[in-house]
Amino acid sequence: MIQNPSKLSERIIKSLTAQNTTQSWEELMGRLLRRLELPRDVRTDAKTAYERLGNYIAARLRLEQTDVQVYPQGSMRTQTTIRPRSNENFDLDIVVELPGHLYQQSPDPEVMFEEFGQILQGHESTTGEPEGKRRCWRLRYPGKPFYFDVTPAVPDPFKHTGAALRVRDPDTHWSPTNPKDYADWFCERADKRFPFQVVAFDEVFKARANVEPLPDEEVGIDDILRRAIQLMKLHRTNVYWNAEDWRKDAQPISVIIVTLATHAFEHLYNTRRSNFTSAIQVVLAVVEDMPNYIDKRNGEFFIANPRLPTENFADKWNTDGGTRSREFSRWHKRLEEDLEALLVGDVKSADEARLRSVFGNDGVEAWRERLKHETEELSHGILAGLLAADPTRNLGTVVQSGSKGTLG
Amino acid sequence: MIPAESITPFQTAIRLVEAWFEACGAGLARKLSHPQNTWALCGSYHPLGSTEVQLRLPPDFPAKPARVHVGKPFFLKLPHVEHDGSLCLPDTSSPGDYEDPVLAVFRVIQNFEKQWVPMCSDPQRVQEEFQKECLSYWSNYCSTRRQSANRLLAATRTYLDLAPVTSYAEGEVAAYVKKLPNDSTRIIRQIITMGNGDPASIAGRHGWNSGTLVQGKALFVSLPGDVPWTPQSWPQNFTTLERLVADLTSGEVELTSWVQSTTPNKEGDCSKATGKARSKGKHGPAHPDSSCAHPFVVVLVQGSVPFCYQITRGPIRGQVAKRNGFSIFPIEPTRIDASWSLTRDHAPEPFEKRQQKKVLVIGCGSLGSPIVELLARAGVGSLDIVDSERFDSPNVSRHVLGLASLGRAKAEALAARLRQDIPGLQITGYQARVAEWLARVENHKEYDLVVECTGESNVRTVLSQWRPLAFGNTPVLHAWLEPYCSAAHVVLTLADDPWPASDPADDKVNAADFSGFDIRVDLPACGAGFHPYGAADAWQGATFASERIIAVLDGQCPQATVWSWVRTKAFYDTLPVPGQIPLRTIVPLEGSRYDSVMRTRDYRSVMGAP
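Residue numbers (the working numbering), protein chains in the order written: chain Y, 4 to 411; chain H, 2 to 611.
Quick caveat, the hints were computed from the structure, so don't treat them as lab data.
Among the hints, erroneous ones may be present.
[Unchecked claim] When the alpha-carbon atoms are kept at most 27 Å apart in a straight line, the in silico DSSO-like pairs for lysine-lysine are as follows:
#1 K78(H) with K115(H)
#2 K183(Y) with K195(Y)
#3 K407(Y) with K115(H)
#4 K375(Y) with K115(H)
#5 K251(Y) with K136(Y)
#6 K359(H) with K446(H)
#7 K407(Y) with K78(H)
#8 K50(Y) with K136(Y)
#9 K319(Y) with K299(Y)
#10 K10(Y) with K336(Y)
#11 K319(Y) with K236(Y)
#12 K10(Y) with K375(Y)
#13 K136(Y) with K147(Y)
#14 K236(Y) with K147(Y)
#15 K407(Y) with K65(H)
#16 K17(Y) with K195(Y)
#17 K446(H) with K375(Y)
#18 K375(Y) with K73(H)
#19 K359(H) with K375(Y)
#20 K73(H) with K115(H)
Chain Y extracted, bound-state conformation (with noise of 0.2 Å):
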């Protein structure tokens, strides 16, 4: 009789739990994460830059600076960026919404696209030479860790599409857009917690109340949609890094991997969230169902942007012969197996080559970083006592050297 084999989800919680090692793998991953994560000052020096350069477009075409607006969509709005390889910069989405009044006799797209460009012209010491891409302008900011993709969006003025914006789009004219819905529409889902982390974190809270206050530093994967989407970008940028160009031009996009996530998380929530002990636990069930979210209408792919319903994601898989369907197909497969390969094993006798080729060398820094940890958490110092006996005692006090300079 043949057995059906047990679900990827159900083997890997089965083997963690054998070997007790949930906990550590989440907080490898936790600290993987976060050191891909958007550094805070790197995310307030942005929002200075991209702040100053809405006033200077404002300035530019005269208007008030509240008729200008300039604000971050995709990762960096739904708070999932992840530090690209080899330490190159990060890439930040900004939409600059320019007032409706000036487009309302709905010019030709192009034209609007290259007005904006010029727009930018004369700032190239701070921003860099603008460069054209399909919908955006690049501008690079030399000396900075990032580079912004400043898209140029108008109000729509017939909103026929559900759309508030619409931004050029060298095939399709003018193209409708809601960078802010949908990033609404991820964030309620994504700050949704499990019951788990709920009890989790009041007996952390009780256990530390009476000793130490809770470390600046977040422990293991609380954000889990996030983080979940962070692991699935990093490691398909991992496993696209060496392909050949057409593959990578095929290599699943962000906004599907996001929406596909987003729809397994909420029905996993909305469905069986008690069923749930740790936050691995979920990762792995949003990995395992988010394929069931690709839809197929009238025989064609369909992935759509639930807060612009006519928007289909995938409307590329239609007309490529099947190679982004079959890399998307690919990719998840080799996720699964990766994780399977990776998660049966211990951290600490994790194999460095398979991090690195999953996680890449952030991830073995994150395991290299956390074995030392592991072993400085199995010292019990006294210094943290002593200092206690006797609050008087300050060892941060400036301590009087004698003289240095006297040789005998």
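Please build the complex by placing chain H on the supplied structure of chain Y, with the hints as guidance.
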């Protein structure tokens, strides 16, 4: 002696720490009954497993900081562990420790828990730490081996005359052996040279030659800087040493063959090892059954640091003797070569140049003798001293020699003492008056500099007369003190700017005119007397002169120059002379009697003034 009832600052500090631990340390540290002033720390430290960590206050705490003991098993296993199991942590002591000794203890524990423990949790850092201070660990390793049962197999002391080694080279060993009460023999001292001198004559020169001389051989092998030298990597038996030597010499030297084929001959064979060709040589193996086998030493040289192994025949306890019965014993040699003894290998280039210099010093009295000694210690390679006097007891007060040299010629006695004390120095003392010494050999043009410091007018005159004939273009430097050591002058003269035969020291150079005063203390003998000043005064003049002589030798003073060190008018005012001493303008009018000035003047402008 401190009265029994007084409490010393150390006892006070220890009591304060004790009281603190008693009051606040429950659950953190537990006082032990033995050893004294020791607490067990109630922490657990991953790198140490379940070992009990102790904190000890030395009897002179806090002059010496508190020590953390992790135990002997971690010696050479974890960095900064001494052979007694204590930790050598960075010194955090501060003058405030007497007031707050508890904080001093906290800082030691902080160092231990926040620096040392995390460092030991990282295997890579452990290796890095070992390499960073490899000499200390090697030294510790050698000293613990010296305390082992096999210690008699290695020399008690090893002195090494090291020269730069590029690949490998053979050297000589002179070992001095004594019989022990049990009829066995032991090398008391061995001197190793690297083809740059006979070790036995070096031993004789420095008085290290007591015992029976046995000659041996050394093999010097360069150890590149990137080869790690840690307890985990250095050879601990003959086989690994042999493998290392083979690796370092690209297979040219096979240690077994080298030892078997190299029988030292009496003439001291300094030829370079020729590797395998030599290993197949005609010399038979040394006789292991001879009363004392010829010593063999392997010296691995990393930069300026030598790591030595004595190769012994027969098994060493704890080591399996290999097929040829060779064992090794790590030894820590003391480098005795000039480069190390005089400069610690620092700034080798000017030192090498000084080593090539040859200087004649005329006059070996209260000014000359310290000058000779300072030049020798500064690395001047070759010195000749001429002085006609013998050492007399009152010379003790301001000469570098003492009663041990009573009755000996000053120049010869000083040369003998410095030859014994300063490695590599070529020094000869001549007991002669300058005039007769010059006449004896006319040509002395090999000198780089002639230093005259007799303070005698007629010697300066003799030199002026002889200069072209005896010294050619060699610069001549005159140094003298003025009465009461009120001033010192150093006059560098060149062939084109010679010192005039008229000897115008008083008129042109000196700071004061003492001619109207009888300032010499006369003795009841014909022309005998002395000027009253002490070594502290004269040696100020000697150091002033020596600094400038060294600068001249280093090529920093191409022009004829007059240097003067002159005390202030206030000093002259205190002198026991009747009336005012006429002072020249160089004497500072301001300042206390302890002040002085140092001046550099162009020779021609000083001498040209009418």
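Outcome of the hint check:
{"no.": "1", "hint": "K78(H) with K115(H)", "in the structure": "holds (19 Å)"}
{"no.": "2", "hint": "K183(Y) with K195(Y)", "in the structure": "holds (19 Å)"}
{"no.": "3", "hint": "K407(Y) with K115(H)", "in the structure": "holds (25 Å)"}
{"no.": "4", "hint": "K375(Y) with K115(H)", "in the structure": "holds (13 Å)"}
{"no.": "5", "hint": "K251(Y) with K136(Y)", "in the structure": "holds (18 Å)"}
{"no.": "6", "hint": "K359(H) with K446(H)", "in the structure": "holds (10 Å)"}
{"no.": "7", "hint": "K407(Y) with K78(H)", "in the structure": "violated (33 Å)"}
{"no.": "8", "hint": "K50(Y) with K136(Y)", "in the structure": "holds (22 Å)"}
{"no.": "9", "hint": "K319(Y) with K299(Y)", "in the structure": "holds (13 Å)"}
{"no.": "10", "hint": "K10(Y) with K336(Y)", "in the structure": "holds (13 Å)"}
{"no.": "11", "hint": "K319(Y) with K236(Y)", "in the structure": "holds (20 Å)"}
{"no.": "12", "hint": "K10(Y) with K375(Y)", "in the structure": "violated (34 Å)"}
{"no.": "13", "hint": "K136(Y) with K147(Y)", "in the structure": "holds (20 Å)"}
{"no.": "14", "hint": "K236(Y) with K147(Y)", "in the structure": "holds (23 Å)"}
{"no.": "15", "hint": "K407(Y) with K65(H)", "in the structure": "holds (17 Å)"}
{"no.": "16", "hint": "K17(Y) with K195(Y)", "in the structure": "holds (25 Å)"}
{"no.": "17", "hint": "K446(H) with K375(Y)", "in the structure": "violated (71 Å)"}
{"no.": "18", "hint": "K375(Y) with K73(H)", "in the structure": "holds (25 Å)"}
{"no.": "19", "hint": "K359(H) with K375(Y)", "in the structure": "violated (61 Å)"}
{"no.": "20", "hint": "K73(H) with K115(H)", "in the structure": "holds (22 Å)"}
Consistency with the previously given hints fails for numbers 7, 12, 17, 19, ordered from lowest to highest.
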